[in-house]
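Peer 1: What follows is the residue order along each chain.
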Amino acid sequence: NAGVTQTPKFQVLKTGQSMTLQCAQDMNHEYMSWYRQDPGMGLRLIHYSVGAGITDQGEVPNGYNVSRSTTEDFPLRLLSAAPSQTSVYFCASSLQGPRNTGELFFGEGSRLTVL
Amino acid sequence: GDSVTQMEGPVTLSEEAFLTINCTYTATGYPSLFWYVQYPGEGLQLLLKATKADDKGSNKGFEATYRKETTSFHLEKGSVQVSDSAVYFCALDRDDKIIFGKGTRLHILP
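If you read the sequences in order, they're chains W and P.
Heads up, the first sequence is in the working numbering, so the first residue is 88 and it goes up one at a time.
Heads up, the second sequence is in the working numbering, so the first residue is 348 and it goes up one at a time.
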């Protein structure tokens, strides 16, 4: 059972470089989201999507772009990486969204370092 | 805005000790409340939840009761094990978002 798959698991970037963190789920979940986890800050929501073609901003969206062209995939793009984006990134999905089910299924995380 | 406040960690206990991790929330309306757990090197997973006042969520020996009068959702376990060592997150739902607390790291000593 694949669940939520994130790639890559580790990445080192230089300031100003761009990259995409990939997230795919095989559970036919409508809702997908991206969080970042930083020491002492817990998890903070970056962007989320309630279905294909629909995205919205979370608590810390600046510096990140997302798109949702299919139900399965929800990539997170960093257009010009900054050291402040050094973090562990988690993708999470839910069948119908937190309001209905409350349970998010998380990927294993992607650790990003920006030098 | 809506928020969740958890007790600062780390919390260190001996095996078989009683555990309480405090969680209080600020929210308009009546959110659902959750505890998630993160084991080392993994993503978060749902531990338990409660959807309305006075509900008790329970799983794997852990319990938490939704207390509207004190806006609290404290996590308890009667006898912890080394395998319970993890980071625990209290959370609430708001519209299409789950809002997490900062997490409490728990160390259980054998």
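A few of these clues could be false.
[What the hints assert, rightly or not] Restricting the straight-line Cα-Cα distance to at most 20 angstroms, the calculated cross-link-like pairs of lysine to aspartate or glutamate (DMTMM-like) are:
hint : chain 1 : residue 1 : chain 2 : residue 2
1    : W       : 96        : P       : 389
2    : P       : 399       : P       : 363
3    : P       : 449       : W       : 160
4    : P       : 444       : W       : 125
5    : P       : 399       : W       : 160
6    : P       : 407       : P       : 431
7    : P       : 407       : P       : 349
8    : P       : 449       : W       : 195
9    : P       : 407       : P       : 423
10   : P       : 399       : P       : 410
11   : P       : 399       : W       : 125
12   : P       : 444       : P       : 349
13   : P       : 424       : P       : 442
14   : P       : 444       : W       : 160
[Said to hold, decoys possible] Okay, the calculated bits of chain W under chain P, using three or more residues with CB under 8 angstroms as the criterion:
hint : region
15   : 132-142
16   : 160-172
Keep in mind the hints are simulated off the structure, nothing from the lab.
For glycine and all other residues, C-beta sits at the position ideal for the given N, C-alpha and C.
Peer 1: Decide, hint by hint, whether the structure agrees.
Peer 2: Now for the hints, and whether the structure bears them out:
Restraint check for residue 96 of chain W and residue 389 of chain P: satisfied, since their Cα atoms lie roughly 11 angstroms apart, inside the 20 angstroms limit. Simply put, residue 399 of chain P and residue 363 of chain P have alpha-carbon atoms about 30 angstroms apart, too far for the 20 angstroms limit, and the pair is violated. A distance of roughly 28 angstroms separates the Cα atoms of residue 449 of chain P and residue 160 of chain W; the hinted pair therefore is violated under the 20 angstroms criterion. Taking the CA atoms of residue 444 of chain P and residue 125 of chain W, the gap is about 19 angstroms. The hint holds against a cut of 20 angstroms.
About 33 angstroms separates the Cα atoms of residue 399 of chain P and residue 160 of chain W, which puts this hinted pair outside 20 angstroms; it is violated. Our distance criterion of 20 angstroms between C-alpha atoms is met by residue 407 of chain P and residue 431 of chain P, whose separation comes to about 10 angstroms. Under the criterion of a C-alpha separation no larger than 20 angstroms, the hint pairing residue 407 of chain P with residue 349 of chain P is inconsistent with the structure, at around 28 angstroms. Distance check on the hinted pair: residue 449 of chain P and residue 195 of chain W sit about 19 angstroms apart at the alpha-carbon level, within 20 angstroms; holds.
In summary, the hint linking residue 407 of chain P to residue 423 of chain P is supported, as the alpha carbons are separated by about 11 angstroms, within the 20 angstroms threshold. Annotation: proposed proximity of residue 399 of chain P to residue 410 of chain P holds, straight-line Cα distance about 15 angstroms (limit 20 angstroms). This hinted pair does not check out: residue 399 of chain P and residue 125 of chain W have alpha carbons roughly 30 angstroms apart, beyond 20 angstroms. A C-alpha spacing of about 11 angstroms is found between residue 444 of chain P and residue 349 of chain P, which places the hinted pair at or below 20 angstroms, so the restraint holds.
With a C-alpha separation of about 30 angstroms, the suggested pair residue 424 of chain P and residue 442 of chain P falls outside the 20 angstroms cut-off, and the hint is violated. Under the criterion of a C-alpha separation no larger than 20 angstroms, the hint pairing residue 444 of chain P with residue 160 of chain W is consistent with the structure, at around 19 angstroms. Coverage of the region 132-142 of chain W by chain P holds [criterion: at least 3 residues with CB-CB distance below 8 angstroms; count 3]. Given as covered by chain P, the region 160-172 of chain W fails the check, having 0 residues with a CB less than 8 angstroms from a CB of that chain where 3 are the minimum.
Checked against the numbered hints above, the structure breaks hints 2, 3, 5, 7, 11, 13 and 16 and satisfies the rest.
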